Amino acid sequence: MNAKELIARRVALELNDGDVVNLGIGLPTLVANYLPEDVTITLQSENGFLGLGPVTEEDPYLVNAGGQPCGMVPGAAMFDSAFSFALIRGGHVDACVLGGLEVDQHANLANWMVPGKMVPGMGGAMDLVTGARRVIIAMEHCAKNGAPKILKECTLPLTAKGKVSTIVTELAVFEFEDGVLTLCEHAPGVDLAQIRASTAADFAVSPDFAEMQISQTGMPS
Amino acid sequence: MNAKELIARRVALELNDGDVVNLGIGLPTLVANYLPEDVTITLQSENGFLGLGPVTEEDPYLVNAGGQPCGMVPGAAMFDSAFSFALIRGGHVDACVLGGLEVDQHANLANWMVPGKMVPGMGGAMDLVTGARRVIIAMEHCAKNGAPKILKECTLPLTAKGKVSTIVTELAVFEFEDGVLTLCEHAPGVDLAQIRASTAADFAVSPDFAEMQISQTGMPS
Amino acid sequence: MKSKELAVDRIAEHLRDGMSILFGGFMGNGTPKAIVQAIMDSGVKELTIIGNDTAFVDTGVGPLITHDRVRKVIATHIGLNPETGRRMMAAEMEVELVPQGTLIERIRCGGAGLGGFLTPTGVGTVVEDGKQKITIQGVEYLLEQALRADLAIVQAHKADRAGNLRYRLSARNFNPIVALAADKVIAETEHLVEVGEIDPDDVMTPGVLVDYIVCH
Amino acid sequence: MKSKELAVDRIAEHLRDGMSILFGGFMGNGTPKAIVQAIMDSGVKELTIIGNDTAFVDTGVGPLITHDRVRKVIATHIGLNPETGRRMMAAEMEVELVPQGTLIERIRCGGAGLGGFLTPTGVGTVVEDGKQKITIQGVEYLLEQALRADLAIVQAHKADRAGNLRYRLSARNFNPIVALAADKVIAETEHLVEVGEIDPDDVMTPGVLVDYIVCH
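The listed protein sequences correspond, in order, to chains A, B, C and D.
Counting with my numbering, you get residues 4 to 224 for the letters of the first sequence.
Counting with my numbering, you get residues 4 to 224 for the letters of the second sequence.
Counting with my numbering, you get residues 162 to 377 for the letters of the third sequence.
Counting with my numbering, you get residues 162 to 377 for the letters of the fourth sequence.
The reader is advised that the hints may include incorrect statements.
[Unchecked claim] The following label-pair restraints were derived from C-beta to C-beta distances:
no., chain 1, residue 1, chain 2, residue 2, range
1, A, Gln71, C, His228, 52 to 58 Å
2, C, Val300, D, Val287, 25 to 31 Å
3, D, Met201, A, Gly94, 40 to 46 Å
4, D, Gly291, A, Gln71, 32 to 38 Å
5, C, Gly291, A, Gln71, 48 to 54 Å
6, C, Gln306, D, Asp219, 43 to 49 Å
7, C, Asp229, B, Asn19, 47 to 53 Å
8, A, Gln71, C, Gln198, 45 to 51 Å
9, C, Val300, D, Gly291, 48 to 54 Å
Because the hints were derived from the structure by calculation, they are not lab data.
It should be emphasised that the depicted structure is a prediction, and the values quoted were computed from it without experimental measurement.
Beta carbons: idealized from backbone N, C-alpha and C, even for Gly.
Take these sequences, add in the hints, and give me the full structure.
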């Protein structure tokens, strides 16, 4: 199982039956494939609807928040973008799952720009991270060059300040417990020393520190 | 013709074809009866629709802003109260016609409460007077006890400050021209002296001061 | 997912003395009758009720006033229910009068995660008392703050079992907005249909906002 | 009342160099194609365009960027149109990036007569630079200001001759909000129907907001 699938299968266990969830583009989108069978969630799409589903028949009037063709489930509801962000900021989205460039031990997230290099715009990310009840960062533990992405202080421009709830990587799961970055789980075959070596942030270790469980539902990718 | 009908027939000439208009309860409502035949207006109702019309068949789901059964015209549109006041404050209502307890020479209006006596609440009046492009006050020139209602300074709590455009009474029509209360028309058989005697405010007299014209359309009431 | 259907006689489990309740409706039109009756029957008191108006003595939320269940009213107009005015004058009940556009926008802010907004309405009137004034590009505005409640009660014409709602004609009024701005939302409907029977483009309040549906 | 129908070749009469244009659409989905083409054909330049994103190089408002008609873009995301990024980096075009919820709410305020609003989005980020911060009940908010434009262009799925509009599925997005916030509104539609053929409860943008309808 590759790192992305492992992360997606672990994040799938974070979601509760009935949750309204916004999944970011890329890795977070995979999470929907691995939901336990007794968990039904409603996917929110920033451009203006609830009940996002897989493409069934292509309809030029229906795209997801990445501008790609998508489908919808029975009971879907459409609205305008002002209403969409009323839902997002107003605490009506139980969780958002997003990738991260950097997360720091103050629960800050940077994931929208690299000055001088990548300036795509924040789209709905700042509102999602600010407004969702839980912010789950699903990302590979280190950058491609091996540098830690979980830091003492973010170096890139922030997406939001102090809003991250949970970090899931292919090595570990961290929670912010009373504002303290806390290591809760390690991936199978990964030990604390390895996590420490790959993490620049200071963190506590949970008294319940244990091996990561992952969703067994869904086809392997 | 009684005073109210005269006022309503005069106000009817203030409205232009295509205008979106909010008519207050009472005398202002009469205006719709006297619109010239080449003038079609769209009536807005604060509770949330455009295209208010006379009752055709009573529907328990359709009431006007006074809570009374009403009808709607073809092309009517329904919306929620937040959208309704977005229209009102946002300058999408061309004119509102309201009664007044007092208007003063600074274009201030008082029409929502008499302290210690009548405190019904302002409802949508403050938003209408603040947001409508034109505020036309349709009222009898003096109170029942003969006291002037067009004053130097309002004595009652204001509905809005400096927002009145036009005052139509059974004696005269005033406009605020560059902020100056200006007498523009007198009713048939009424002279300047009579208007001065019934008006406490200072006012200019328009160089075009002339006799009031009124709409000849519609059945006499 | 668990069912959202709620029997009328179970509404009381969601009520408590002193709670705040946002209600839909305009002069009673669009106010959920069965829920108001259940509030009456439950005996809860000391309520703060928030909505456009207090209707007539015997319609909408009127009976809650008449039967002494309300500690405070936040509304735009109380003129058609003389009981509200009498209790206000006698200081038996607190009444906060708010311009209609300001009230609905305060509720929308409460539901949309906004702290407040700048409105020109009320500038130069008693409404500005105690409020911050902010001038932008030469125009003076009042800073009005968000408003939420413990519970919102709404009347829908049609609902599906997932809680997607449609309102009808002028009964829409405050309903879709109050459904955004409370910790718990109970909707009353005359027509309960299966999930999928309301076209996604026709939903006026998405089901995720609605906790319970009362069908009568 | 005068007809609102506008031939595609008359759109140019409503355009001028340097004007500001609000547009509906999300990655091109819901952006009025024929109107954008008419803007292209008219040759107007130095435009300020305001909407969610600049789509792709050849969709939505993308061609206006590629063909050098735009002086300034106010948007939330420009990542899928590399021409926007290139011109921004080369300082050939000004780009103001705004969080999506903040942009749509600024436009709504502009259309609703509100001066601005308080949002928690952007606090502690570069978005707060130069903005007033206001704390309410312990929560810090940014004061964001209203935004309007000279013209709004919207895409409707269905329109009646009075200008009442319906949008379809995710193509609704910014359209109903931008239709509130401009001095002039031109709507494009595929299906033009008679007045009365859209049920009042199904209207998404009331006709009074729409000045012209282009049918193709």
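Taking the hints in turn, this is what the structure says about them:
no.: 1; hint: Gln71(A) <-> His228(C): 52 to 58 Å; in the structure: holds (56 Å)
no.: 2; hint: Val300(C) <-> Val287(D): 25 to 31 Å; in the structure: holds (28 Å)
no.: 3; hint: Met201(D) <-> Gly94(A): 40 to 46 Å; in the structure: holds (43 Å)
no.: 4; hint: Gly291(D) <-> Gln71(A): 32 to 38 Å; in the structure: holds (35 Å)
no.: 5; hint: Gly291(C) <-> Gln71(A): 48 to 54 Å; in the structure: holds (50 Å)
no.: 6; hint: Gln306(C) <-> Asp219(D): 43 to 49 Å; in the structure: holds (46 Å)
no.: 7; hint: Asp229(C) <-> Asn19(B): 47 to 53 Å; in the structure: holds (51 Å)
no.: 8; hint: Gln71(A) <-> Gln198(C): 45 to 51 Å; in the structure: holds (49 Å)
no.: 9; hint: Val300(C) <-> Gly291(D): 48 to 54 Å; in the structure: violated (20 Å)
In summary, the structure is inconsistent with hint 9 from the numbered list given earlier, while agreeing with all the others.
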